[in-house]
Amino acid sequence: MHNTIWSTIFSAGTFNQMFRSATPVALAALGGLMTEHAGIMNIGMDGMILMGAFVGAVASYFLASAFLGVLAAVLFGVLIGLFFALFTVKLKSDEFIIGCALNTFAMGVTAFLSREIFGLSGTSGYAVPSLPVVRIPLIRSIPFVGDILSGHSVFVYATWVLVLLMWLFVYRTPVGLWIRAAGESPETLRTAGKNPERMKWIASILCGVFCGLAGAHLSLGYLNGSFVEGMSASRGYIAFACVIFAAANPPKAYLAALMFGFFDALGLRLQNYISSDLTGTIPYLITIVMMVYVVVSAQKRRERLARQQLLKLE
Amino acid sequence: MKKRWIDLGYIVTLLISLAVALLIGAVILAVTGHDPLKAYGALLGGAFSNARHIGDMLEYAMVLCLCGLACDIGSRVGIFNVGGEGQLLLGAIFAAQIGVWMKGASPYLAIPCAALGAMAVGGFYAFIPGYLKVKQKVNEVITTIMLNTVAVFICQFLAKGPWKNANKNIVAGTENLPSGFWLTKLVPGSNLSTAIIAAAVMTFFVWYILQKTSKGYEMRLTGDNPRFAKYAGLKTDRIVLITMIVSGMMCGLVGMFRVYGAEHIYKSTVSNEYYFEGLMVAMIAQYQPVPTIIISLIFAVLKIGAMGMETAAGVPKQLYLIIQTVVIFCMAAETGIRAGIARAREKRAARQDVKERSKGGVEHA
Chain A
1 MHNTIWSTIF
11 SAGTFNQMFR
21 SATPVALAAL
31 GGLMTEHAGI
41 MNIGMDGMIL
51 MGAFVGAVAS
61 YFLASAFLGV
71 LAAVLFGVLI
81 GLFFALFTVK
91 LKSDEFIIGC
101 ALNTFAMGVT
111 AFLSREIFGL
121 SGTSGYAVPS
131 LPVVRIPLIR
141 SIPFVGDILS
151 GHSVFVYATW
161 VLVLLMWLFV
171 YRTPVGLWIR
181 AAGESPETLR
191 TAGKNPERMK
201 WIASILCGVF
211 CGLAGAHLSL
221 GYLNGSFVEG
231 MSASRGYIAF
241 ACVIFAAANP
251 PKAYLAALMF
261 GFFDALGLRL
271 QNYISSDLTG
281 TIPYLITIVM
291 MVYVVVSAQK
301 RRERLARQQL
311 LKLE
Chain B
1 MKKRWIDLGY
11 IVTLLISLAV
21 ALLIGAVILA
31 VTGHDPLKAY
41 GALLGGAFSN
51 ARHIGDMLEY
61 AMVLCLCGLA
71 CDIGSRVGIF
81 NVGGEGQLLL
91 GAIFAAQIGV
101 WMKGASPYLA
111 IPCAALGAMA
121 VGGFYAFIPG
131 YLKVKQKVNE
141 VITTIMLNTV
151 AVFICQFLAK
161 GPWKNANKNI
171 VAGTENLPSG
181 FWLTKLVPGS
191 NLSTAIIAAA
201 VMTFFVWYIL
211 QKTSKGYEMR
221 LTGDNPRFAK
231 YAGLKTDRIV
241 LITMIVSGMM
251 CGLVGMFRVY
261 GAEHIYKSTV
271 SNEYYFEGLM
281 VAMIAQYQPV
291 PTIIISLIFA
301 VLKIGAMGME
311 TAAGVPKQLY
321 LIIQTVVIFC
331 MAAETGIRAG
341 IARAREKRAA
351 RQDVKERSKG
361 GVEHA
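In order, the protein sequence lines correspond to chains A and B.
The opening position of the first sequence corresponds to residue 1 in this note's numbering, with each subsequent residue numbered one higher.
The opening position of the second sequence corresponds to residue 1 in this note's numbering, with each subsequent residue numbered one higher.
Everything labelled a hint here was simulated from the structure, so no lab data went into it.
Built from N, CA and C at the ideal position, the CB exists for glycine as well.
Worth double-checking, as some hints may not be accurate.
Stated by the list, open to error - So the derived list for chain B, only partly shown, Cβ under 10 Å to chain A, looks like this:
hint, residue
1, Lys38
2, Tyr40
3, Phe80
4, Leu147
5, Gly161
6, Glu273
7, Met280
8, Lys317
9, Leu321
10, Thr335
Claimed, not checked - Simulated coverage check for chain B against chain A, where a stretch passes if three residues somewhere in it have a Cβ under 8 Å from a Cβ of chain A:
hint, region
11, 132-140
12, 323-333
13, 337-350
Could you build the full structure based on these sequences and the hints that come with them?
Spelled out as C-alpha cells, the structure:
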C-alpha cells in the first residue's frame with residue numbers, strides 16, 4: 001500500500017505533469033516580476049492571462065494557425081500592458097482597484113465574446129489549431145528522464161530559455177537595472193537622468209506580453225486548442241504568489257512555479273488516496289507561510305544591521 | 001479631506017461614467033449584431049417586469065451592499081479585506097451544516113445558532129490575515145487572495161466529502177436545509193426573504209458607527225494617519241484587527257443569508273464571486289457607506305436585468321460585468337485626469353513663483 005503511494009508520487013507521470021502545470025504560471029510570473037521590480041502591485045495578471053488565452057484561441061481559430069494565435073496574444077499583451085500602465089502610471093490610479101477591475105473585466109468580456117463566437121456553451125471545443133508537441137530525439141529514449149522531459153508543448157521548452165533571458169535582462173542589462181531602480185528608488189533614478197515612469201511603462205508592457213504568452217499557452221498548448229470560460233483559474237494569483245515567493249528573481253520564480261506544478265500534479269495523482277481539494281490548498285498555504293517568513297527574516301536582518309551600527313558607534 | 005454629505009463633483013463623475021459605460025456596452029452590442037435599444041429594454045424589463053424579479057433584485061442588492069460595507073469598514077482603518085469571498089463561502093457552508101445538525105430543533109434556536117456560527121467562522125477567517133498584517137506587517141491583499149482559494153477548496157472538500165448530500169445528483173452540496181428553518185419569503189418565488197430586514201439594520205448600524213460615533217472617528221484616524229493615531233493614544237493594532245474581524249463576520253453572515261434566505265442548501269451557486277462584485281461597488285462608492293447602498297441598487301438592477309436580457313434578447317449576461325468594470329475605469333480616468341490637471345497647474349504656479357523670486361534675488365544682489 002505505502003509502496004504504491006510512493007511510486008505514484010514519484011512516477012515519471014507526476015514530474016511530466018509538474019512541468020506542464022508549472023509553465024503557464026511561470027510565464028505569467030516572468031511578467032509579474034517585471035512589474036514587481038518596477039514597484040507596481042499587479043494583481044490584474046489573472047485577467048491578462050484570461051484575455052491572452054481568449055485572443056490566442058480566437059486568432060488561431062480564424063487564421064487557422066496556432067503560431068499566428070500566439071503572435072496575436074503577444075500583440076494583445078502589448079495593448080493590455082499599455083492599458084494597465086496608462087491607469088497605474090500615467091493616471092496614478094490605485095493599482096489594487098485597476099487590477100481587480102481588470103480581472104472582472106476580462107471575465108466578463110471573454111465570456112461575452114466566446115458565447116457570441118463559439119455559441120452558448122462558451123467553450124470552443126477542440127476546433128482550434130493547437131501548438132505542436134516536441135519530442136526531443138535523444139532524450140526521449142532515456143527511460144525515466146525521457147518520459148518527464150520529452151513530449152511537451154513547445155512553450156515548456158521556450159519557458160526555460162525565457163527564464164534565462166529574463167534573468168540576464170533583469171540583472172545584467174542597464175534597462176533591467178533602471179527598471180529595478182524605478183521600483184526601489186525612483187528619485188535616485190531621476191537624478192541619474194532616467195525617467196522612472198518610462199521604466200514602469202516598459203515593465204508593464206513586458207508583463208502584458210508574458211501574460212499574453214501564458215494565456216496563449218493555456219488555450220493553445222496546455223489544453224490542446226480550446227478556450228473555456230474562466231480558464232485562467234486564478235493562475236494569475238498563483239503567479240503573483242510565485243513572484244513574491246521568489247523575491248522577483250526569474251529562476252527562483254520558475255522553481256516556485258515548479259513547486260506549484262508538483263502539488264497540482266500530486267493532487268491529480270493521489271485522488272484515490274486523499275481528496276484533491278485538500279492537496280490543492282498546499283501551494284496557497286505554503287505561499288502564506290513563505291510570505292510571513294520573507295517579511296520576518298527581512299525584519300530580523302534590519303534589526304541585526306541596526307545593532308551592528310550601534311556597536312560601531314559605541 | 002472632509003467628505004460632505006452631497007459631493008456634487010462625485011455625482012457628476014458617477015453619472016458620466018455610467019453613461020459612458022452604457023454607451024460602450026451599446027457599441028459592443030451593436031458590433032456583435034444585437035439591437036442595443038432592444039437589449040437595454042429587455043434589461044430593464046428583466047429587472048422590473050414582475051414582483052419576482054424585483055424581489056431577486058433587492059436580494060442581490062442586499063448581498064452587494066453588505067459585501068461593499070464589509071470592504072468599506074476595512075478601508076476606513078486602512079486594511080483591504082479581499083478575502084470576503086472565502087469568509088462568505090465558509091460562513092455559508094457552516095451555517096448550512098449547523099442547520100442540518102440541528103434538524104428538529106426550534107427555528108428560534110437554530111437560526112441564531114447558524115448566524116453565530118457563520119459569523120464566528122467568517123470572523124476567524126478574517127482574523128488570520130488581520131493578525132499577520134498587524135503583527136508581522138504581511139500584505140493582507142495577497143494573504144486574503146490566497147485564503148480565498150483555500151476556502152474554495154475547503155468548501156469543495158466538505159461538500160463532496162464529510163458533509164455531502166445523500167442525493168447522487170448533487171455532486172457537491174450539503175444536505176437540504178430543514179424547511180422549518182427557511183427564512184420567510186417577502187415575495188413568493190423570489191430570493192427576497194426577511195434577511196433583508198436584518199441587512200437593513202446592519203447597514204444602518206455600520207453607517208451610524210462610521211459616521212456618528214467616536215469609534216468611527218477613531219477608525220478613520222487610524223486609517224488616515226496611523227502614526228498620529230498611535231501618538232494620540234489609540235491602540236491602532238487592536239482597532240485594525242477588530243475591524244477586520246467584524247468585516248469577516250459580516251461576510252460570513254451574508255453567506256448564512258444566502259443559504260437560509262435563498263438557496264436552502266449549500267452549493268457552489270451560493271456565491272459566484274459575489275464578494276468581488278461588492279468590492280467593485282465599494283470601489284465605485286469610494287468606500288463611503290451611503291453611496292455604497294445606492295450603487296448596490298444600481299448594479300443589482302443591471303445584474304438581474306442582464307439575466308432577463310439573456311433569456312429575452314439572447315444577449316450573454318456577462319455584458320453586466322463589462323459595464324460595471326468600465327464604470328470603474330471611467331471613474332479612475334476622470335479622477336486621474338483631474339489630478340493631473342491640478343498637478344500641472346501647481347507646477348506652473350510654482351514655476352511662476354520661482355521666476356518672480358529669482359528676479360527679486362537679482363535686484364537684491
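Against the structure, the hints come out as follows:
{"no.": "1", "hint": "Lys38", "verdict": "16 Å, violated"}
{"no.": "2", "hint": "Tyr40", "verdict": "15 Å, violated"}
{"no.": "3", "hint": "Phe80", "verdict": "7 Å, holds"}
{"no.": "4", "hint": "Leu147", "verdict": "7 Å, holds"}
{"no.": "5", "hint": "Gly161", "verdict": "6 Å, holds"}
{"no.": "6", "hint": "Glu273", "verdict": "8 Å, holds"}
{"no.": "7", "hint": "Met280", "verdict": "6 Å, holds"}
{"no.": "8", "hint": "Lys317", "verdict": "8 Å, holds"}
{"no.": "9", "hint": "Leu321", "verdict": "3 Å, holds"}
{"no.": "10", "hint": "Thr335", "verdict": "7 Å, holds"}
{"no.": "11", "hint": "132-140", "verdict": "holds (count 5)"}
{"no.": "12", "hint": "323-333", "verdict": "holds (count 7)"}
{"no.": "13", "hint": "337-350", "verdict": "holds (count 3)"}
Consistency note: the structure conflicts with the earlier hints numbered 1 and 2.
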